[in-house]
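Starting from two chains that each stand alone, build the complex the way the hints lay out.
Each protein sequence line maps, in turn, to chains A and B. Using my numbering, the first residue of the first sequence is number 255, and each one after it goes up by one. Using my numbering, the first residue of the second sequence is number 380, and each one after it goes up by one.
Straight-line distance between alpha carbons at most 20 Å, and here's what the computed DMTMM-like set of lysine to aspartate or glutamate pairs gives:
#1 K464/B x E298/A
#2 K472/B x D367/A
#3 K333/A x D265/A
#4 K478/B x D425/B
#5 K449/B x D425/B
#6 K335/A x D370/A
#7 K335/A x D368/A
#8 K386/A x E338/A
#9 K432/B x E298/A
#10 K472/B x E298/A
#11 K449/B x E413/B
#12 K386/A x D266/A
#13 K412/B x E402/B
#14 K472/B x E363/A
#15 K344/A x D370/A
The set of hints was computed from the structure by calculation and includes no laboratory data.
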Amino acid sequence: MTKSASGSNNDDIIELGLPVNPAYVSAARLTASSIANRMGFNIEDIEDIKAAVSEACTYLIKQNSQNRQSMFQIKFILKNKFLEIFISAKKDPSSTDSDEDGLGILMIEALMDDVDLTTPDDTSIQIIMHKKLR
Amino acid sequence: MDFKLNSLYDNTKNIWNITIEGEIDIYNSSLLKEKLNALIQEHKTDLHINCDKLEYIDSTGLGSLVSVLKKVKQYNGNISLCQLKPNVAKVFKITELNKVFVIEGANND
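Chain B with its partners taken away, still in its complex shape (with noise of 0.2 Å):
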């Protein structure tokens, strides 16, 4: 399994849209980890991820995006994630990363 990511930049915005589909584990975080980082040498500006067909994300993936978060930040940027499904939304919630990143949306109740 893998997975997809696609993005958009929207000028009238100034912000990334990105959406990532499948699976994110040790096999391939470091590619995600990658893709991110492409985008915000591109623009640097606030990325809005939607997870609505992210299916599974481990914690080597929470620690890519934890590792491009601290990028942005620099900046003074932020990642906001929405459309969460409720198991990625637990893992957020259980290593206390929405407290860390902007969830939106999220169908974890």
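Isolated chain A, as found in the complex (with noise of 0.2 Å):
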């Protein structure tokens, strides 16, 4: 593939908003899959991208326990080779509910080629994921 999905040989960039509420993570499921499809993930991968988003939003979520009125970001950008996506969210400091277990954040490290998890400054936090076109 040397275009992007759309034919523009610039990057694509979709971005979606949600509220911090566990009822849209099956939202950014969604349209993580079919950005994936779109760009001509195979299957395995396809659900190896919507997994990891939804770790990703859940590990947010679970940040933000007591701030159900706040927003997070997914941006999607559609390289030729790969599909970079960055996830954000404002950290609420008084949340003590994170992922304790560690799945979440080990299951993205598994299915995604890179992963990133940085405090931009202290009242956000953002996980950058890489996958690969094979």
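Structure (structure tokens):
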């Protein structure tokens, strides 16, 4: 694939904002799966991307358990050879309900090619991940 | 997306036969735990879960299953899962929970 899914030579960018609410994680999964499918990923990789996006959203929701009014952002950058995904949210400093068993992050690391968990500043948290087209 | 749980107690084998359909994630994983806990309160037996129609399970769903398994182990019972879809079998494998639960007939090769 030498062009983006839309046929242009530029990277297509798709952004999605969702309330920090468990009810909408399935919307993030559906979007991820649809984008990965359009880019030409195989079925196994589509499932991996879908699960990784879901786990990242779940992780951020757990970090914000007291703050259901806020939003989190998902940005998909459709590159020629890979999909780059940024998922970010405000971090609730009073929230203690984190990924206590570490399963979610462990799963993202196993499912994606590259994963980076960063805190750009004290009040926000971001997960960046890549999946290569094979 | 939600999930559906059907359960049938097998008198002769003394086992719960359960099917789970749909998707389990952070939205409904605590409900899964509640439903399974209610079953083991009724009959303290092994749980046999058919996952033929389980499309997706996330880390919180796995957490619910582990929590129920801990209670089942207290009376020396077990939880077995069968007919896992490849993507579901994969999450058990990468979390190594395939060594904790009895996994039968997974088509994940």
